[in-house]
Amino acid sequence: MSDDGRPSVLADLLSRRAFLAGSAGLWISLSLARPLAVAAVQRDSQPRALDPREWQVVRSITARILPTDDLPGAIEADCVNFIDKALAAEDAEALPAYRAALAELDRVCRAAKGSGFVELPAESQDEILAALEEGRLAGWKSEVADPTVFFATVRMHTILGFVLDPRHGGNRDYVGWQVMGYPGPVHHLGGAQADHLSGKLPFQPIWERQQKRPDRKGPDIGSGHSGA
Amino acid sequence: MLKDVCVIGTGAAGGVWIDALTRAGVEVVALERGPQLGPADFVRHDEWSNIHRSDGFAPEWRDTLRETGTETARLGRSSMLAQCVGGGTAHWGGQSWRYREDDFCLLSKEGAIAGANLADWPISYAELEPWYERAEQRLGLAGRAGSNPFEAARRRGYPNPPHPPRRATLAIERGAKALGLHPFPTPLAINSRPYAGRGTCLNGGQCSNFGCPTQAKASTLSIQIPAAMATGRLDLRTGTRAVELIVGADGRVRAARTITAEGREGEVRANHFVLAAGSIATPHLLLLSRSARFPQGLANGSGLVGRNLMFHIFSYVGFELPDESMGAFGPAGMLSIDDFHASDPKRGFIRGAVISEAAEPGPLWAAYKAPEYLGRKTGAWGGPLKDYLRRYSRLAAMISIGEDLARFDNRIDLDPDHVDADGLPLPRITHQSHPNDLALAAAFEKTMAEIAVAAGARKVFSFDFSRAKGGTGHLLGTCRMGTDPEKSVVDRDGRSHEVPNLYVPDGSCFPSAAGYNPTLTIFANAERMAERFLDRLGRSGRSGRSGRSGRREAA
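Taken in sequence, the protein lines are chains G and H. Take 636 as the starting number for the first sequence in the numbering used here and just add one per residue. Take 7 as the starting number for the second sequence in the numbering used here and just add one per residue.
Be careful, since some hints might not be right.
Said to hold, decoys possible - Which residues of chain H face chain G? A partial, calculated answer using Cβ under 8 Å: (1) Glu53; (2) Trp54; (3) Arg59; (4) Pro170; (5) Arg172; (6) Gly210; (7) Pro219; (8) Gly336; (9) Pro369; (10) Thr384; (11) Trp387; (12) Gly388; (13) Gly389; (14) Leu391; (15) Ser399.
Claimed, not checked - DEER-style ranges, computed between Cβ atoms: (16) H:Pro45 / G:Leu706: 33 to 41 Å; (17) G:Pro731 / H:Asp393: 30 to 38 Å; (18) H:Gly75 / G:Arg688: 44 to 52 Å; (19) H:Lys383 / G:Gly749: 26 to 34 Å; (20) G:Asp830 / H:Lys493: 53 to 61 Å; (21) H:Gly462 / G:Arg688: 45 to 53 Å; (22) G:Arg688 / H:Gly354: 54 to 62 Å; (23) G:Pro756 / H:Arg397: 23 to 31 Å; (24) H:Gln42 / G:Arg844: 27 to 35 Å; (25) H:Lys383 / G:Arg844: 34 to 42 Å; (26) G:Asp830 / H:Asp393: 27 to 35 Å.
For the record, the hints were derived by calculation from the structure and aren't laboratory data. Don't be surprised by glycine CBs; every beta carbon is placed ideally from N, CA and C.
With the sequences and hints as input, model every part of the structure.
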């Protein structure tokens, strides 16, 4: 489907949707591939696309994009697991470029800071990511992958891993929805009444319902790398 | 077997024709490119499939897009169309408007505008009014007659009462009233109580872009197609794409050449052909149907097939309320404000828009807007992003459906560089907004921000939809309806000026867009055209005709 042979698959994938962007890279969609039946794959946290080092780098990036504070962030939501599963399925087209960009990020960090991205302190990671986003990261070989496109991709991937249904591999234990105050898919939960709309009657969110019904837990995501 | 009528497309217009014709005793074969989807599919759909990847309804769809004729169009999937039984009505929001009297006489009211190609409709509001009524009753609209002081006269109220409001609805209502405006319940084709065999809305929140798992939302999938199936006179062929209309020596369409999803080629013959595939696929099929007699494409002696493409122009204002908005619940925007619809010379642009509450139906859609909320193109991550996401439950929004002006150069044609899976040229969208559209959008953004402030918003931000183009679901024009064969493609009955057994009753025939969601008008106009067709066919009064609500008056 690549129509002009540009070197960066990421740029190509993103640009297909870029014309929809009102501003700032919204509406970014990684792929035009048809949906794949990946639910089974996504029920475990074993890496399917990324190697262990790549997994750690992605995980560290997601931790800066949605940090953990008094409420859960990307680590608790297991956003890296979502990204890994997406790159193994719907977004498989993007995997080679993703890989190249991750390796380049680590290489640049080692050259500039003496250690890989994962091992840097959070402040340094933020500096690196800000420079990456703005396309001013010294030493980045842009023929590998467009740094701004790569950042926008990981950013959107992290958000997706935080806000999408847990069946896609992220939003573990609904922590993303708990942070946002989104109660879950209302149709699946039997619908809402007029008193819910007015606020008179609290709507019981999906995570509270499932605590009360342990037989209906969400996908078994397992521990894998998420606790590392 | 030779059928009486072949209908291509099963959305609003196709569904209405299929229903009206089979009810009148006509044998119909309907070609639908997509599959039959149902509740099991709709509960599987989520923001990942239907918002982000937008492949829940048309996974194979590709088009190309550019602004002007000098650019090379880019490959993508910019159109939100649905390829399934029900077409766009499977995933519409349900906002159901009657256009006003002035919407039908744009050119005579406004005069010619440089860079635009305005036209009057060949019909009036009065002529369409009984058909609006019929469509409203059939779809089970929820609304309150008389609550919009700016709407055109109606003889009959809505069949169902308005939906109960969410907290954001009430906040906007208070703000609008404080500004002296006239807010009212948006007419919605979503059941507010059990109606016509379909249940009450469960307030699931996700209407636009989603199929309704309970069928409380009206669609041809849930109403017209099942009714037609029950007559035993509908041969519905899903997964069957019409790729060419073949003309016989007599100048009439003889057959539709088809390809199934499995790649089987075939021909469907009929006495009459009804093309209702939407404002992209309808002209696309005509342009693909070239012959010695029609070298520019079928029914395109005027050269106007594909031209005057319209999308509406949206403005969108998000805001944060001091407390919970309940945006996750209930149908799409339940409140509207129509005070700014008519042209006002003081504003510096012509025409207007309806303003509606926009729902806040899901966490991903909210997350998209972080850069706008934060007011930064970069750095919308880390602590600021987290802080924004925590505010989701207080978010609310308004959207304006701006009337965009038809332009001759805004069009669908055949892309010279890209082909689809069947080897056919992709439809190419060329569309540039008229300066009037952009001025209108900017003014409505400001107006909605003022309403949001009056509603008690703590923070107000805009989201730029002006480049959304085919990303909108409001595809109109491309086979203009009119009386002059040199200035239009079909006549007032939707019949081709050139091909006597070819009809185009979908949104393609709209001469102008009007500042309202268009689907109810597509339904109503298709009802009118179907009745005219049946009258011509001389089969009026045949078995099964109900003769209710409007048929007599309009005959």
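Results for each hint:
no., hint, result
1, Glu53, "holds (6 Å)"
2, Trp54, "holds (5 Å)"
3, Arg59, "holds (6 Å)"
4, Pro170, "holds (4 Å)"
5, Arg172, "holds (4 Å)"
6, Gly210, "holds (4 Å)"
7, Pro219, "holds (5 Å)"
8, Gly336, "holds (5 Å)"
9, Pro369, "holds (4 Å)"
10, Thr384, "holds (5 Å)"
11, Trp387, "holds (5 Å)"
12, Gly388, "holds (6 Å)"
13, Gly389, "holds (6 Å)"
14, Leu391, "holds (6 Å)"
15, Ser399, "holds (4 Å)"
16, H:Pro45 / G:Leu706: 33 to 41 Å, "holds (35 Å)"
17, G:Pro731 / H:Asp393: 30 to 38 Å, "holds (35 Å)"
18, H:Gly75 / G:Arg688: 44 to 52 Å, "holds (50 Å)"
19, H:Lys383 / G:Gly749: 26 to 34 Å, "holds (32 Å)"
20, G:Asp830 / H:Lys493: 53 to 61 Å, "holds (55 Å)"
21, H:Gly462 / G:Arg688: 45 to 53 Å, "holds (50 Å)"
22, G:Arg688 / H:Gly354: 54 to 62 Å, "holds (59 Å)"
23, G:Pro756 / H:Arg397: 23 to 31 Å, "holds (29 Å)"
24, H:Gln42 / G:Arg844: 27 to 35 Å, "holds (32 Å)"
25, H:Lys383 / G:Arg844: 34 to 42 Å, "holds (39 Å)"
26, G:Asp830 / H:Asp393: 27 to 35 Å, "holds (30 Å)"
Every hint from the earlier list agrees with this structure, and none is contradicted.
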